Amino acid sequence: MEQYVAVPIALSYVNEINIRRMLIQTVAKHRNIWVENADRLVAGFLEMFEEGCHKMGTVIRDRIQEQMRTKSIKGLLYDKEEDDDEYDYYYGSSDDDEEYYDGEDED
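Going by our numbering, the sequence shown runs without a break in its numbering and finishes at 174.
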């Protein structure tokens, strides 16, 4: 099959029309193949995009879980000020003078 080249050549008007008609017929025949190829390309792109989104979502979820684990571990670590406040609440302030009852009345 001859291909039409966009070089000015001395063709008659009828020959040029025939060449264009043949090209249009060729395009019409191969249109379905081109559409199928385009569909495959689009489907492949969408599949890759979906996989990428899934991987990114997994990474984001893992990072959030790791941050939550880190925060919960930090919360479990010994915090002196918080522990002292709890001690004072339950057992009284350690700065006060302690009074003991020895069983004798102070009358």
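None of these hints come from the bench; they were simulated from the model.
Values in this document were obtained by computation on a predicted structure and should not be read as measured data.
Even for Gly, the Cβ is constructed at its ideal location relative to N, Cα and C.
Hints are supplied without guarantee of correctness; some may be wrong.
[Unchecked claim] Cβ-Cβ distance ranges computed for the label pairs, FRET-style:
1) Gly111 <-> Ile91: 26 to 32 Å
2) Lys96 <-> Phe116: 30 to 36 Å
3) His97 <-> Asp129: 53 to 59 Å
4) Gly142 <-> Leu113: 25 to 31 Å
5) Leu143 <-> Glu103: 32 to 38 Å
6) Arg88 <-> Ile127: 55 to 61 Å
7) Leu113 <-> Met89: 47 to 53 Å
8) Ile84 <-> Phe116: 51 to 57 Å
9) Asn104 <-> Lys141: 42 to 48 Å
10) Leu113 <-> Lys141: 54 to 60 Å
11) Arg88 <-> Gly119: 51 to 57 Å
12) Ala110 <-> Glu83: 36 to 42 Å
Q: List, from low to high, the hint numbers that the structure doesn't satisfy.
A: 3, 4, 5, 7, 8, 9, 10, 11
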